[in-house]
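Sequences are here, hints too, so could you generate the full structure?
Numbered by our numbering, the letters in the sequence shown go through residues 1 to 228 in order.
Hints are computed from structural coordinates only; laboratory data are not their basis. Note that CB positions come from ideal geometry on N, CA and C, so glycine has one too. Accuracy of the hints is not assured; some may be wrong.
Label pairs and their in silico Cβ distance ranges [said to hold, decoys possible]: (1) K37 x H116: 33 to 39 Å; (2) G135 x G91: 28 to 34 Å; (3) T207 x T139: 33 to 39 Å; (4) G46 x A117: 39 to 45 Å; (5) E112 x H144: 27 to 33 Å; (6) D34 x S221: 43 to 49 Å.
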Amino acid sequence: MKNGTPWAVVCDFDGTATVEDTADALSIEYIGYDRWKKANDAFHAGEIAFEGLLREIFEPVAATPAEVRDFAHAHVRFRPGFEQLLAICRGRGIPFVLASGGLDIYINPALEKLPHALTDGLEVRANHADYVPGGLALTFPYRHAPGACGTCGSCKGAVVKELQAKGRQVISVGDGNADRCMAGIADVLFARGRLLEWCRGAGIACTPFETLHVVVERVGSSSPTDRA
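Structure, rendered in structure tokens:
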């Protein structure tokens with residue numbers, strides 16, 4: 001932290017806050033592995049953009065709100081250190097944004113598994129889905145946020161820029177392709193998985209992680225600062 005500037009934390013959900021990717025698991029459960037893989041292969045080959053990938057893997061998901069809620073409750077396992085990270089940020093008045101390229105319809109039910117004291121007032125920025133006959137209708141409420149890339153739907157880079165404009169030093173934590181937008185502009189970056197590989201290839205400084213305890217340690221190593 002430079003010159004006493006207060007921290008903020010922007011954390012990805014799938015594969016970062018959680019041990020496994022809930023988005024992929026939910027999609028595979030309802031549309032099947034082959035259809036899910038075909039869409040992912042097209043995305044990684046550059047044939048479709050991220051929003052297109054989301055539409056391919058989620059719009060055919062014919063599930064009820066109760067079924068998605070039950071799936072989230074049954075399958076989501078939070079990464080070791082996540083609850084402690086929420087607690088230390090809350091205790092120090094550090095803004096914590098759970099930023100996801102996934103959908104709010106499974107993220108919000110997943111958060112119900114945590115103590116209310118940790119999630120009360122937690123800011124979640126994600127893409128949205130409505131339940132319609134035969135599937136889901138996706139919308140992207142943050143697509144045109146100031147500084148957004150315009151391709152992620154919910155751009156995490158825009159969140160980082162917004163917090164930095166408010167005078168915050170931003171710690172970003174992520175694992176996937178959708179986290180690249182925040183990787184190059186975060187003040188401190190923790191990375192794993194595809195994001196870690198990409199950062200190494202691009203020469204972007206980052207700290208590898210497998211548990212979030214290392215992020216807790218970084219936040220805890222600084223003195224408490226002004227509350228947001």
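query = Would you say the C-beta atoms of G135 and G91 sit inside 28 to 34 Å of each other?
reply = Roughly 42 Å apart at Cβ, these two residues miss the hinted range, so it is violated.
query = Do G46 and A117 keep their Cβ atoms within the hinted range of 39 to 45 Å?
reply = Given range 39 to 45 Å: holds, Cβ gap about 44 Å.
request  = Using the Cβ atoms, figure out if K37 sits within 33 to 39 Å of H116.
outcome  = 38 Å, holds
Distance restraint evaluation - D34, S221, Cβ atoms, bounds 43 to 49 Å = About 47 Å separates the Cβ atoms of D34 and S221, which means 43 to 49 Å holds.
query = Does the Cβ distance between E112 and H144 fall inside 27 to 33 Å?
reply = Holds, at about 30 Å.
query = Between T207 and T139, is the Cβ distance one that fits in 33 to 39 Å?
reply = 34 Å, holds
The structure fails hint 2 only (numbered hints given earlier).
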